[in-house]
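Visitor: What follows is the residue order along each chain.
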Amino acid sequence: MKDELQSLLSKVRRPGRYIGGELNQVVKKDACSRLALAFPDVYEVGMSNLGLQILYEIINNRDDFACERVFAPWTDMEAQMRENGIRLFSLESGAPVDEFDVVGFSLQYELTFTNVLNMIELADLPVRAANRAGLPLVIAGGPCCFNPEPMAPFLDAFFIGEAEDAIIEIMDSVVEFKKEYGAGGDRKILLKALSLIGGVYVPSLYDWSGSYPLTPLDGAPPVVKRRITTRFDRVPIPKKPLLPFVETIHDRCVLEIMRGCTRGCRFCQAGVIYRPARERAAATIGAAAEVQIANTGHEEISLASLSATDHSEIVAALKAVREIGTSPAWRVSLPSMRTDKFSVEIASEIAGPRKAGLTFAPEAGTDRLRRVINKGVTEEDALNAAKKAFSSGWTRIKLYFMIGLPTETDEDVTAIGALVEKILGAAREELGAKPAKRLKIVVSVSSFVPKAHSPFQWAKMISAEEIARRQSLLRNVLKSRQIEIKWHEAASSQIEAVFARGGRELAPMIAKAQELGARFDGWSDHFSLETWRRAGKETGLDIVEAAGRMIGPNDALPWDHIDCGVTRAWLAREYERALSETETVDCRSGPCSACGVCKGEVKLEICGK
Amino acid sequence: MTAVMKLRLKFIKAGEMRWLSHLEISRAWRRIVARAGLPVLYSEGFSPHPKIALSSALAVGIGSAAEYADIMLAEPVPGDQALERINLYAPPGLKANAARAMDLNTPTLGSSIKFVDYRLAALREIAAADIAKLDSSENIPGELSVISVDYTPNETAVTFRLPVETKFSAVILSMEQSLGLQSDLRTIDRAAQWVQIDGGLVDPIDVGPASEGKNG
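As they're listed, the protein sequences go chains A and B. Number 364 in the working numbering belongs to position 364 of the first sequence; there are no gaps in the numbering. Start counting at 1 in the second sequence, then tack on 609, and there's your number in the working numbering.
A few of these clues could be false.
Stated by the list, open to error - If the Cβ cut is set under 10 Å, some of the chain A residues that face chain B in the computed set are:
(1) A166
(2) I168
(3) T296
(4) H298
(5) N476
Read the hints as simulated data drawn from the structure, not as lab findings. What you are looking at is a predicted structure, and each value in this text was computed from that prediction instead of being measured. Note that the Cβ used here is the ideal one computed from N, Cα and C, for glycine as well.
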């Protein structure tokens with residue numbers, strides 16, 4: 001590492017964020033093409049991202065490619081870098097990011113947009129794509145690319161979908177371009193070539209006249225189709241996850257056991273954009289877990305998926321993974337679970353000496369509203385799941401709820417309180433008097449944000465004042481000492497909503513907010529509504545109005561040119577069914593609802609079927 | 610389970626690893642020991658922890674040539690074998706240079722280390738007279754004794770010894786003032802740690818019964 005960096009490190013908090021050198025890091029001296037994976041949040045958050053670990057290994061497995069990492073410097077580091085004229089650098093080689101061939105951002109959540117701009121600026125590159133020349137190419141992938149429009153002017157290309165194969169195709173194109181024209185060649189040639197790769201959206205090849213739809217130019221495809229990885233059980237799983245020194249958000253191995261979800265919760269974007277559900281076999285999961293544990297020394301593994309309890313071999317998978325660990329601290333955890341599928345078997349598999357946290361997501365307070373959102377679980381399911389958890393020895397569980405869902409009434413809100421109280425009552429009954437001292441129910445309440453490509457994309461978000469009113473309604477009925485409530489910030493959810501469904505008209509506001517100092521907007525201590533209000537005002541946008549916008553059923557959508565595989569007609573039908581409180585059954589067990597994603601090679605991949 | 614062996618490790622904290630905190634170093638050792646497959650003992654209870662005790666915390670930014678860890682094992686492992694396995698997984702900046710079996714009742718690192726040597730390197734020549742004054746300076750809390758001074762072109766390295774209870778940060782602050790060091794202070798490293806046996810100073814790694822597994 002360069003001496004000038006060393007002197008910066010003595011002046012910042014947690015310098016371990018910037019030094020790299022972790023176990024399983026890959027450093028390559030000779031590579032014909034280099035990509036910097038850029039995560040627009042702090043190291044501890046970015047290193048917990050599964051996609052980053054997957055792509056890091058895929059790219060580095062190619063001898064001639066090098067993949068390095070860069071994260072958003074925390075504000076103290078940013079100040080030092082600016083003061084000392086240090087450009088954004090990668091962890092592996094300490095090389096300036098602008099010297100790479102490709103900078104690939106991971107867009108996981110909207111509130112990192114200002115960090116993306118800030119990182120491009122810190123790399124000493126022009127923030128607007130139109131002002132950049134030659135390499136590096138600045139691209140992005142991840143769920144936010146399913147509505148890329150607000151960020152379109154800042155990125156050269158977006159990748160839509162699952163990048164396992166495409167990342168290599170993109171890198172190959174870059175290598176060819178460099179060979180033919182050199183790193184300073186006319187990037188239009190490269191962008192044109194990239195636009196022909198499936199899943200790549202090059203925004204500069206589409207004319208935006210101030211409204212949608214866009215007009216494709218120069219033979220660009222009118223619709224960009226999402227890339228979908230098939231035969232998921234055969235897709236390699238990272239063998240050597242990076243092992244950070246600094247404690248990260250998810251300080252454990254994370255193994256993806258299933259991609260996609262068949263449930264069709266109508267507020268959920270992930271439930272649509274990762275369709276169809278594809279499982280890995282229990283044997284594959286067990287073998288991969290063994291390799292990861294041997295290569296990291298981790299003492300915890302999380303079996304990741306959108307709905308782990310739906311996996312047809314979940315008990316076998318848990319059993320296989322549980323047997324691997326030899327440490328007394330060994331534990332296996334599952335992300336939030338459905339209450340209708342939580343069984344005593346599952347409970348006993350994840351109940352070790354160190355019990356992992358248990359999270360259930362009833363989402364809404366009444367059976368009626370759960371029918372509207374197509375959650376497909378009842379109050380009885382929720383109570384039963386909680387009882388099983390407490391009788392299996394848990395004393396602390398977490399419950400996820402959402403307020404502001406379409407058609408929600410005050411009764412639906414207060415019913416959340418009643419449900420939590422009932423669960424608490426069940427807990428006291430199961431636990432008896434003694435362990436009740438440790439009894440805790442954490443209730444996490446977020447605000448509904450309509451997302452592109454979900455059936456609720458046409459719905460509006462309730463105002464900040466209304467969120468506050470419903471929150472206080474709920475606060476008044478959740479009074480037991482054993483209940484801890486965690487609220488999502490209403491103000492930042494509004495900004496999230498603006499970006500989730502906005503178009504290119506938002507770009508000047510993002511640039512202005514970054515200029516005014518907006519950073520780390522997902523961090524409540526950094527988020528400043530005032531900054532965003534001002535940025536909106538100076539660029540002629542009313543953020544309150546934009547967040548609460550209701551979109552007409554026939555209106556053009558800014559993301560109409562992004563084809564996620566599920567048809568707009570299906571989404572519209574689901575929205576209508578929501579309003580009439582009609583459920584749509586899970587295609588795993590019931591009939592196909594014709595969402596449109598399964599065709600050709602792409603189909604449900606269920607173990608044993 | 611009860612311990613059958615106390616393995617004492619001597620390792621470095623060098624290069625970029627100097628920027629890690631004590632907690633981060635201790636987490637790293639937990640993972641290294643797990644990967645090396647050493648039969649480490651765990652504490653009982655709700656949240657079991659491996660019984661690995663490091664020598665006193667070193668501040669972020671300070672390197673070391675002499676850090677120690679006591680690891681309680683459930684089965685005996687020869688020191689040289691343990692050393693080899695550990696160094697397969699320890700990053701270069703945390704390399705172990707010795708591992709030895711200790712008597713189970715060997716006093717803990719925390720209770721037995723009495724003196725610590727530090728090496729302060731500055732990017733200029735510091736007059737010998739100024740350094741000589743440090744020993745008797747009233748500004749410096751505790752008893753500091755200068756062990757050696759190395760001059761290389763444009764660099765001076767002063768190695769000094771402090772009793773373990775001395776407040777290190779206060780010493781460094783007053784040394785910086787006495788010697789007029791600012792941006793020309795390059796690095797501070799822990800150079801050695803000492804236990805006291807029969808009036809003499811002994812490297813904590815040399816306290817044990819045999820000399821197996823010590824190489825460098």
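Visitor: Does each hint fit the structure? Answer for all of them.
Guide: Quick rundown of the hints versus the structure:
1. A166: 33 Å, violated
2. I168: 29 Å, violated
3. T296: 7 Å, holds
4. H298: 7 Å, holds
5. N476: 35 Å, violated
In summary, the numbered hints that this structure violates are 1, 2, 5.
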